[in-house]
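Asker: Single-letter residue listing:
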Amino acid sequence: MLSLIVWSPLVGALIVLMTPKEKVRAIQTVSFVAAGVALAASLTLLLNFDRGSAAMQFVERWMWIPSLNVQYLLGIDGLSYPLVLLTAFMSVIALVGSLGIKERVKEYFFWFLLLEVGMLGVFAALDLVLFYVFWELTLVPMYFLIGVWGGPKKEFAAIKFFLYTLSGSVFMLLSILALYFKSAPHTFDMLELMKPGVQSLFDPRFQILAFLGLYFGMAIKIPAFPFHTWLPLAHVEAPTPISVILAAVLLKMGVYGLLRIAYGITPLGFAWFLPALIVIAVINIVYGALCAMAQTDMKKMVAYSSVNHMGYCLLGIAGMSATGFSGAAFQMVNHGIITGALFLLVGVIYDRAHTRDVSAFGGLALKLPVYSGLMAMTCFASLGLPGLAGFISEFMCFLGAFSAWPWPTAISVVGIIATAAFFLRMMQKVFLGAFNEKWAGMEDMTARELISVMPLAVVTVWFGIAPKWPLDLMNKTIEHMLGK
Amino acid sequence: MTLAHYLTVASLLFLIGVFGALTRRNIIGILMSIELMFNAANINLAAFERFLHPEGVAGATLALFIMTVAAAEVVVGLALLLAIYRNTDTAYVEDYNLLKG
Amino acid sequence: MIEHIVFYSLSTVVLVAAVCVVTMRNTVHSSLFLGLSLAGVAGLFAALGADFLFAAQVMVYVSGIAVLIMFSVMLLGRASDLHLRQVNEQWMAAVLICTVSSAGLLKIARAYCGTLAPSAPTPDTRAIGRLFMGEWLLPFELASLVLTAALLGAVFFSRSEASR
Amino acid sequence: MIEHAYLIPLIPFFASFIMLFGGKEDPHSNMPWVGIAAMGVCLALSVSVFWGAVTGTVALPYEHNWHWFSIAASIAGRSFVYDMPVGVLIDGPAAVTLVAVTLVSLMVQVYSVAYMHGDVRFKRYFAFVSFFTAAMLGLVASSNLLVTFACWELMGLCSYLLIGFWFEREGPCEAQKKAFMTTKLGDSGLYLALLLIFAKVGSFQLSQIYQFFDKGLMPATIATVIGIGILAGAAGKSAQAPLFIWLPDAMEGPTPGSALIHAATMVAAGILLVSKTYFVFLASPTAMESAAWMGLITAFLAASMALVSYDIKRVLAFSTVSQLGFMMCALGAGGFTSGLFHMTTHAFFKALLFLGAGSVIHSVHTNDMRQMGGLSKKMPLTFLTMLIAVLAIAGVPGLSGYYSKDMILADVWNHDHLMFWILLCTALMTAFYMFRLFFLTFWGDDRDHEKFHHAHESPALITGPLVVLAVLSAFAGAGLNHDGLVHKLIPKPTISVMPGAAVAAPAHASEAKPEASAHQASTEHHDGHLPAWLHMTAIVLVLGSITLAFLMYRGPTYAAADAIKANLGPVFTLLDRRWYVDDFFYALVTVSDKVAALAFWIDANVVDRVFVDGWGLLMRIFAQISDAFDNLFVDSAVDGVGGLGNDLGVGLRSLVREGQVQEYLMYAAIAFSLAATLILTR
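Chains as they are written, first to last, in the working numbering: chain A, 268 to 751; chain B, 680 to 780; chain C, 103 to 266; chain D, 134 to 815.
These are calculated hints, taken from the structure and not from any lab test.
Among the clues, some could well be false.
[Stated by the list, open to error] Quick list of in silico lysine-lysine cross-link-like pairs, DSSO-like style, CA-CA up to 27 angstroms:
id	chain 1	residue 1	chain 2	residue 2
1	A	Lys462	A	Lys696
2	A	Lys696	D	Lys727
3	D	Lys333	A	Lys743
[What the hints assert, rightly or not] Covered by chain D, according to a simulated footprint, are these stretches of chain C (three or more residues, beta-carbon under 8 angstroms):
id	region
4	110-123
5	205-218
Since the model is a prediction, treat every value here as computed from it, not as a measurement.
Even glycine gets a Cβ: it sits at the ideal position worked out from N, Cα and C.
The whole structure should be built from the sequences, with the hints applied where relevant.
Answerer: Structure representation (structure tokens):
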């Protein structure tokens, strides 16, 4: 079943590749079917997913390269399953957003589906080599998607993204190899590596080094200060659906890796790094929010707000408590949904006005009530208004970190205020005030845009009011992770 | 006579070939050096067969394949060379900078 | 004893001729030494008891490839070439590389210091023939295909502009 | 009925959604009646609960919880799954407040039907009001501090929406942002307090937190920090010093909306929160004292600012701030009952004042009191109801404000004499500025003839609620005070282990108890009235200041006031600029903008440079080192290998002369030889 989820987009991609490029509609249909199959399959798992168990479920295990003991090993638990769901879901959403792509449609959808394979694979893989392969697999499609369909500075953004993340993953590879050679018998199996018997082979010094390598790769993806500078640029230049994917899924790969691999396999290194991690988290939160405050480009602002929000995740993780971990896991999902919606909405206005400068607008709420309402809701969700998705997870992150790090957490609260400040300012400049007559011809959201945004809005409200469902999905796994 | 003797000769021949390939300015020189390397490999194959697996003939057979490929390579290589020479009027590799971006 | 004399003399011929191939200023001489070196290798094959290989080496390399190269050299050669350096500036680096590599290769060779031939050599032509017509038929046919392709390619590339 | 108490917040919540999404945007929509009907049902429910509490048929406090969601938590090394409850907790104060809130909200909505009629976003306004009320009711009734906080924030959102209702204009936009940000600033303190509570107690359920405090398990210092955090939140929402700056600007919204914010919902939330978590303050005398002083300073500052303002709504806004200061001060001085009592009566007369002012504004189309005057002739009903409200707020005996204010003064007198005198002074100022407003608006002759000419009495939908509220303003105080009802309904909470004994281990708690109850007994003993002479003095002084206001502002001109203004110029400027608190916060905003710009500059020019271009630089250095290595090692024959071309700022420099096949080969050979050697010589 997991294989179906992971590989169905690839099948779609191959079919797209074989379709003549004039048949745009056929290409789009194939893409939707492929992504839809992945989504449907991941939803089907819901029926059989055992919430009461912390073990890996739906495990698929075959030997891949016997001489190196590399396995094709897939499996999900409460930590990865929500992310698989998120990925499948956001991919469909982003595909809806991609219908607006007019040039080189065939290549676009091909790369997009390939990207989805990589993302799903990262969350489902339990073998380090397989994980690494999927991890790198996301890179190439992303490079092309930004570099070909991006904005004015797309080449630079793409190459910066590519080289930056690649250099990070090289260090990660080194760590993975080190873990392999240090373990006995040599294995890339994450589950094996997490077992106490294998763990006892890793002395603290080794764990610290291995952790640093892993962290370096993941911090760039998260992005954690000071490796975050690729993000605003990539976001600004990327086409809207790709921004959505970038924010909603790609960033989560870093946090997921941090929790699953860095914490799971090198716990001592992780513990050693905690003081630094909390500092990074606080910087991410406060500094990200401050940088966002200084932006006039809406997309860049949202990008920096991502830095800020991923800081909450880091904060929760740094707390090393069950609350913080589940908060971070939940925050990942929520941030994916909320920021995805934000990018879609910014894309909507960019499509109409061809500018994202906040001062170019004004009073749009008069003319575009639906759009303004959705945007306001998403902004409020992002700044952590109760009743919407962001609040609970954000609060849990703070809660988890507070008992371990009271002062850094207290400082981070400043970030919340700054977040509120920049979102409110943006809304005021764009939607409120006197109507800017320049945009008199602007129309409210089309059906396609509504279809792409509405599910996200619904989920935002749903998770905000009834967070029981997603949290129950994770609780057992998180408890087990910390029970070690 | 031990296997080591033959292997030593083969490795020396191979390294001479490598040296030639790296240093000859004339492209035909490079081709010749490559032939030397092929021959070194062939010596190895024949020697391994003789000393380690005398019961079969796999080494000789593989060597024959290498010869075939080498022959093909030389023929095509020389033909290409003639074509290039006609165009550029030189046989020196440093003048062949079509690869320059 | 005679075996030793044969081996050492053949090896000397092969190596010295090879060195001459890569160092001679005159490319024509280089190609002549190439023929000598290849003939030496053929001798080594004979010493190893690979009779068919010996024959093939003489026919393909010594009389085929070496001669072909000689002709090409003469076709492309110029009088001015004789005054030019035939070795480029990176020869020292190449020496270094070869020295370093030789350390590794000789190390392997040392591992077989004590390996003696288990039995007297037997003629293997018949065995090779059986192999080619039986078990290895497909690779054999592929090889012939490669040769045909090479032939066609050679003809194609070497046609002069005028004849196209 | 009380088992259906959860419906009280839910009904208006759903009503608001029906109004927001149902039907078309229409200036004459009938949708508002949905909200009014919903609020009527809520009022009925609340009254039944309240009546049950009064007659004793309903046992308070009533608590019922449902499971909301579960989180894994660990507190002090103890790991457990915390089941977050969501539920209702109705105690005496809640029962009283529910009635006040639903009643005021109902009146405001009825009033708004006439007031807002014809507005383009007519329907939306009612949705907001309903939502606002729902959030407040949720806050009042919630049994869970986190839910309380959630409603608290939602109220922030609603105030944002209501204040900026006319967002086409610049003023409301600025005001709404200011309101949201200021309250958010305070909320961050509350946020920390919540974190701290959970980190110590491991629960958000109010009754469990109370148990924890009751047993004296909370160290006094932590309790102080929590208390200060709660106070910060309350300062934001209830507009206490120094975060009161948003409230005067909040009048940019529709006037009935302001009435709702000022009377029933937003500002009362802070006071209510402090009362809900009163045990925290009982456990920490420092926090208690801070609350008292914060309230006192707020009351005084706001009253002084109200003295000089000519904007009718602004005067009312300042008076709200000042009255809130009274309440906070009372709570801090130990007057739990009096503080909440005043909150209830204040809800009625402040709603009345705002609605009355709205009626006036509706009629003369200006906020400036200098352009009014003599309106008593034109708007008799508004005039009469306003008179009652003004008398009530001034504390004239017999009206509701008198009872509650009197009780506050008594509590403060028992707490601290200095505070009492300041507070009394503030009360006099209150009487003065309220009557100043009153005389300027209704008395004397018309100053602006044209405006006066157009003035007219408002329709019944507007005057109806005024009358209802006037009746309540007049008699609610007496009714509640009758036979000590208010003490029965709003009893002061106690904790068994008072701060001094808090360090005692649980085993000693039983010993500490008698002492504590003795302490309580002694405070209860003090909990009487003011000394008679003081009481009389206060009343006389209040009447005196009313007379002063009459003398200064009765006529068409107010020379006396101008004379004072001329003589006390700097003081007036100080008051007019609102004690420069606003300027302080504007400066803060400017500074934070600068900091943000700086942060971004650093990001673009330092972090990016160091970690991206720096990476390239590192590569270049590496390349140069290997270049030097080559030169040294491979002889000078390898001269100048490769041009120094850097591509793309990444600095990945090509080490080779481009296009030289043999050089490529060379590098391949180097790599091969090194690899071979390494592997083979192992």
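Asker: Would you mind marking each hint as holding or not holding in the structure?
Answerer: Going down the list of hints, with the structure as the test:
no.	hint	verdict
1	A:Lys462 x A:Lys696	55 angstroms, violated
2	A:Lys696 x D:Lys727	19 angstroms, holds
3	D:Lys333 x A:Lys743	24 angstroms, holds
4	110-123	violated (count 0)
5	205-218	holds (count 5)
When each numbered hint is compared with the structure, violations occur for hints 1, 4.
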